Amino acid sequence: MAGQTLYDKLWAQHLVTQRDDGSALIYIDRHLLHEVTSPQAFEGLRLAGRKPWRRDANLATPDHNVPTTLKERSAGNAGILDDVSRIQVETLDANCESFDIEEFRINDERQGIVHVVGPEQGATLPGMTVVCGDSHTATHGAFAALSHGIGTSEVEHVLATQCLIQQKMKNMQVRVEGKLGLGVTAKDIVLAVIGRIGTAGGTGYAIEFAGSAIRDLSMEGRMTICNMAIEAGARVGLVAVDDTTIEYLRGRPYAPTAEQWPVAVEAWRDLVSDADAVFDKVVELDAAAIEPQVTWGTSPEMVVNVSANVPDPAAVEDETVARGMSRALDYMGLTAGQKITDIQLDKVFIGSCTNSRIEDLREAAKVVKGRKVADNIELAMVVPGSGLVKRLAEAEGLDKIFIEAGFEWREPGCSMCLAMNADKLGAGERCASTSNRNFEGRQGYGGRTHLVSPAMAAAAAVEGHFVDVRQYDYDRADAMSA
Amino acid sequence: MKKFERMQGLVAPLDRANVDTDLIIPKQFLKSIKRTGFGPNLFDELRYLDEGYPGQDVSSRPLNPDFVLNQPRYRGAQVLLARRNFGCGSSREHAPWALDDYGFRVVIAPSFADIFYNNSFKNGILLITLDEATVDKLFRETEAEEGYRLDIDLEGQRVITPSGEAFAFEVDAFRKHCLLEGLDDIGLTLEQSGAIRDFESRHRQAHPWLFRDA
Ligand code: SF4
Chain A
1 MAGQTLYDKL WAQHLVTQRD DGSALIYIDR HLLHEVTSPQ AFEGLRLAGR
51 KPWRRDANLA TPDHNVPTTL KERSAGNAGI LDDVSRIQVE TLDANCESFD
101 IEEFRINDER QGIVHVVGPE QGATLPGMTV VCGDSHTATH GAFAALSHGI
151 GTSEVEHVLA TQCLIQQKMK NMQVRVEGKL GLGVTAKDIV LAVIGRIGTA
201 GGTGYAIEFA GSAIRDLSME GRMTICNMAI EAGARVGLVA VDDTTIEYLR
251 GRPYAPTAEQ WPVAVEAWRD LVSDADAVFD KVVELDAAAI EPQVTWGTSP
301 EMVVNVSANV PDPAAVEDET VARGMSRALD YMGLTAGQKI TDIQLDKVFI
351 GSCTNSRIED LREAAKVVKG RKVADNIELA MVVPGSGLVK RLAEAEGLDK
401 IFIEAGFEWR EPGCSMCLAM NADKLGAGER CASTSNRNFE GRQGYGGRTH
451 LVSPAMAAAA AVEGHFVDVR QYDYDRADAM SA
Chain B
483 MKKFERMQGL VAPLDRANVD TDLIIPKQFL KSIKRTGFGP NLFDELRYLD
533 EGYPGQDVSS RPLNPDFVLN QPRYRGAQVL LARRNFGCGS SREHAPWALD
583 DYGFRVVIAP SFADIFYNNS FKNGILLITL DEATVDKLFR ETEAEEGYRL
633 DIDLEGQRVI TPSGEAFAFE VDAFRKHCLL EGLDDIGLTL EQSGAIRDFE
683 SRHRQAHPWL FRDA
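Order-wise, the sequence lines are chains A and B.
Sequential numbering of the first sequence, starting at 1, is according to our numbering.
Sequential numbering of the second sequence, starting at 483, is according to our numbering.
Since the hints were derived computationally from the structure, they do not count as laboratory data.
Nothing here was measured: the structure is a model prediction, and the numbers come from that model.
Some hints here could point you the wrong way.
Stated by the list, open to error - Which chain B residues face chain A? A few, computed with CB under 10 Å, are given here:
id : residue
1  : L512
2  : D539
3  : S541
4  : R565
5  : K619
All C-beta atoms, glycine included, are put in the ideal place defined by N, C-alpha and C.
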């Protein structure tokens, strides 16, 4: 019999009951909550007279609606000027209080984007099942945790039963071998993968990212990759456990105690795919061939190398695809054949659960150090992923580098990733963004988003248009260190 | 959840691939703490010519005459015909809530995004996957014939066109059962509380570090 994949192992370890019809009941170890997808779930519990099954499995923090300016933040919830947003955050506070769920509130230093907070606290551990009412829950798979986004009905189901009804997915391996070029990052790997397999390429699969280029990445880089598995259509992205995983977790607040640690580590070592495991699909990429990536359209699969030109729909045979491309070019205000490096920008956003961790900020800071944001850039902002990331960055002096260059240094939250708070693009405004979605209207009504890595966003801020960061003169010395 | 009964639904065609959840219901409407009232903002950015905000009276907003659902012939549509990878993007259940609130009971497409698929069934919306060629054909027929209705037979797992042509579709047995009976799956799961408790105590023994209240 063939060996098991990492996904197969995690599935088997959480299987409560298998039903004849192919569905199964899966036990959930960690449930993360935020203000947007939970209110209706708590309301459902209340109406049915139910209680959370296991309170210590849950951890909550508001992130989507919180303002990111210091002035508003210092007023706590009262600083949220939009009434509807404020009510949503207050509702989370009230629900956590009445159901006795641990919450990092708006001005708790541990508050932040839920997918930054979980790993940072050690609340995401190898071998766990992790769910959250948010599609980017795939992020936590970087720790060999079976993690995926769920809808609000499922949030309620997990609260009430500690389980989910699931169908087993198929296994896909994305293997990236070799060494990345200098200035090329995890973000470029994952954008290249999405460019290759498309936004529906991973539908129905759990994707395990493997190969030497993945092993060489820090946990931050692995999280960036798993985060965007959903943009390739896969609910689950995974990376096997190794020393990097274990070292990252040592000493984190929710990690195993000193006594439990050696036992836990021994169990975690088994969280890798067996050598003879069989995947339903394998995709291979050569790391050395990956260039910095820039999206040009309104879907993450509309992505090209920075050295390329905007593609031409007329060159595409599939009619639905060609029509989609034309519509995207129209929305984005671009012409086929235009050089990517000629695209002028209005705003730059460094943040989101994809790229707002300390390593991302360090990488961006290296590029901007001693430089100034270009005159045509109306707003360049850095939004750390959590209060703790912010504090660490400030201890390293990164905030000063950004501020001196002309960036705004903000308080943690989702911010302009989806513009539910006051940070948004105006109609027609063009933004280099380190986030994960370039859908129409995503960063503001009529806004135009180009997805890039933090280094590419930083360089674009300085030049006012896209540039190939590999040809950019900055100190990359330890840019890629773990 | 309401029961899904056999229906003859008016079909509306949305001829566009990769319709994402931001397009189905833009983020500003996600601030609501209720499950209802999203219908007027379904496809908001396609449907209206201005930017919408929550709590607004939509009756005075300028409609986009080019958007298919604004055409009188599709008023009251219950079946949405769509292209591949429908519902990609976020986990927002507001997307199926908005479809439901608008009056759609069925979406037919060559493929759907996973989370959206799940969320829709939990809200009594039937998603039907048919191959590209069949979907193409249904698009042509819908556009050609005003008042085009499809007979949706979940029990028999068939879609039947006005000319009597039938297309079979797959749906997993559990989802089908829940939809037909209108079952609340939390209640069903809680019937297995014993099995969950047994699993939990074994799991706790093997991985005590996953339980912080120990
Ligand atoms: S940062 Fe963006 S993608 Fe991540 S959870 Fe927040 S809104 Fe979603």
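Hints, one by one, checked against the model:
| no. | hint | result |
| --- | --- | --- |
| 1 | L512 | 5 Å, holds |
| 2 | D539 | 16 Å, violated |
| 3 | S541 | 20 Å, violated |
| 4 | R565 | 6 Å, holds |
| 5 | K619 | 15 Å, violated |
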